[in-house]
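Sequences listed follow chains L and D, in order.
Just so we're aligned: the first sequence equals residues 1 to 232 in the UniProt record's numbering.
Just so we're aligned: the second sequence equals residues 1 to 224 in the UniProt record's numbering.
No lab work stands behind these hints, which were simulated from the structure alone.
One should not assume that every hint holds.
Claimed, not checked - Beta-carbon label-pair distances, calculated as ranges:
#1 L:Asp220 to D:Asp11: 40 to 46 Å
#2 D:Val8 to L:Arg232: 30 to 36 Å
#3 L:Gly42 to D:Ala216: 25 to 31 Å
#4 L:Gly224 to D:Thr35: 51 to 57 Å
#5 D:Arg85 to L:Gly163: 41 to 47 Å
#6 D:Ala171 to L:Gly42: 37 to 43 Å
#7 L:Gly224 to D:Ala77: 49 to 55 Å
#8 D:Phe164 to L:Glu119: 41 to 47 Å
#9 D:Ala216 to L:Ala216: 38 to 44 Å
#10 L:Val184 to D:Ala218: 29 to 35 Å
#11 L:Gly163 to D:Asp178: 45 to 51 Å
Each residue gets a CB set at the ideal place from its N, CA and C atoms; glycine is no exception.
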Amino acid sequence: MHLDHSLSSSHSHHGPSAISADAHRPDGSRRALRIGLGGPVGSGKTATVAALCHALRDELSLAVVTNDIYTREDAEFLLREAVLPPERIAAVETGACPHTAIRDDISANLEAVEDLEDEVGPLDLILVESGGDNLTATFSKGLVDAQIFVIDVAGGDDIPRKGGPGVTTADLLVVNKTDLAPYVGSDLGRMAADAKAQRAELPVVFQSLRGDKGVAAVADWVRGQLAAWRAR
Amino acid sequence: MTRAALLVLADGRFPAGGHAHSGGAEAAVKAGRITDAASLEEFCRGRLHTAGLVSAALAAAAALGLDPVELDEAAEARTPSPALRTAARRLGRQMMRAARATWPHPELDALARLFPKGAHQPVVLGVAARAAGLGPADAAYCSAYESVSGAATATVRLLSLDPFDATGVLARLAPELDRVALAAADAARRAVDEGVDALPARSAPLLEIGAEAHAAWAVRLFAS
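For reference, chain L alone in the conformation it holds in the complex:
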């Protein structure tokens, strides 16, 4: 029963599918850049994904994985908005634990991204959207190469001060719905100062998808990540 393990040290390049964060696909080609979007319920993750698809789909080959908590609603929103053809959108079911599926047990999400590359690839970029969760939810480095944490001004202007792994460690913090700030009494200056204190040099974008610039700043950040990924 005791088997020889010495034969299999380089498993990740020879099997039918890569195991985790490997930068190459089984055929040796480079895989797509994967960017995760997490954040609390209702902060505008799906709307940001939809806007990013609109902004980037003419220049990049794109796909999206959604992680709904108990429905396929986010995937269906993206389909209804027709931001991408349906074969470029995959939904993962998370069994009441969205943070588990993006951090502790990423196998279903890895299968979704690999199947998308097999079926509609080659792809430049895959956006992995988490189900709405709490301030501690972050993506595993085995699943994504970079992550965006999306909060909004209406969720309370004390969220950047409270911190938590999402706010403090995400590669990009997006403060969404800035157009609502005057109506909910949120102080954008205070949010910016608190975010700076929590994140030091990590970037923060204040965004209103209803404004003229829309998702432009986040789209530029994604382009920068892709350029860095390709240069690696």
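Following the hints, position chain D against chain L.
Relative to chain L, chain D alone:
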């Protein structure tokens, strides 16, 4: 290899996708068949002696080194519900990924090449146990325990059941779990000489029917 590998493989946190599945508990809760700890225990007992025994025997046979393609066919024949077949293959693929990363082994690589979209989970579990240096009874224990632990933790989430009560259910089932795991390992040893038909083929029609209904729901917490 070490016996403690069994603890790694059987750990509910082993990242092989199980957390998103309820083992039929979500359908049973909706149908009113699980309402409290007592009915959860009856549900788990039924699962253990049917689907649990079958999966444990398949896992034990795979751990003994029986042909995984034949075992996969045997698993398919013992799983009438298309929804459960899909779930078993999806979980098998996820188990394969976790096992190859944890216990790299040529037999796992070969099985992954044969079934790129996943073999039945108990078969993969058995080969994973083999790669970890574990024996057929270990694989049977792991599979039999999984057949009830997933349903119990899912019910904690679905009914807000007291988690101590749910764990008590699993503890009370332990003596039966011993008997099922050992019977499964015995059947697997017989299958070495007699072929896969010697493996048990018990079924739980309500689990199969419930899985088909569940797969058609528009709103659900668990994938199966």
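Between Gly224 of chain L and Ala77 of chain D, does the C-beta distance stay in 49 to 55 Å? Since the Cβ atoms of Gly224 of chain L and Ala77 of chain D sit about 54 Å apart, the hinted range of 49 to 55 Å holds.
Within 29 to 35 Å or not, the Cβ separation of Val184 of chain L and Ala218 of chain D? 33 Å, holds
Is it true that Phe164 of chain D and Glu119 of chain L lie within 41 to 47 Å of each other by Cβ? 45 Å, holds
Please check whether Gly163 of chain L and Asp178 of chain D have a Cβ separation lying inside 45 to 51 Å. Given about 48 Å between the Cβ atoms, the range holds.
Falls inside 25 to 31 Å, the C-beta gap from Gly42 of chain L to Ala216 of chain D? Once the Cβ atoms are compared, 28 Å apart, the range 25 to 31 Å for Ala216 of chain D and Gly42 of chain L holds.
Per the hint of 30 to 36 Å, is the separation of the Cβ atoms of Val8 of chain D and Arg232 of chain L within bounds? 33 Å, holds
Given a hinted range of 51 to 57 Å, is it respected by the beta-carbon distance of Gly224 of chain L and Thr35 of chain D? Once the Cβ atoms are compared, 54 Å apart, the range 51 to 57 Å for Thr35 of chain D and Gly224 of chain L holds.
Starting from the hint 38 to 44 Å, judge whether the C-beta atoms of Ala216 of chain D and Ala216 of chain L obey it. At roughly 42 Å between Cβ atoms, Ala216 of chain L and Ala216 of chain D fall inside 38 to 44 Å, so the hint holds.
Take the C-beta atom of Asp220 of chain L and the C-beta atom of Asp11 of chain D, compute their distance, and say whether it sits inside 40 to 46 Å. Given a distance of about 43 Å, which is inside 40 to 46 Å, the answer is holds.
Satisfaction of the hinted span 37 to 43 Å by the C-beta atoms belonging to Ala171 of chain D and Gly42 of chain L: For Ala171 of chain D and Gly42 of chain L the Cβ distance comes to about 40 Å; the hint holds.
Take the C-beta atom of Arg85 of chain D and the C-beta atom of Gly163 of chain L, compute their distance, and say whether it sits inside 41 to 47 Å. 46 Å, holds
In this structure, none of the earlier numbered hints is contradicted; all agree with it.
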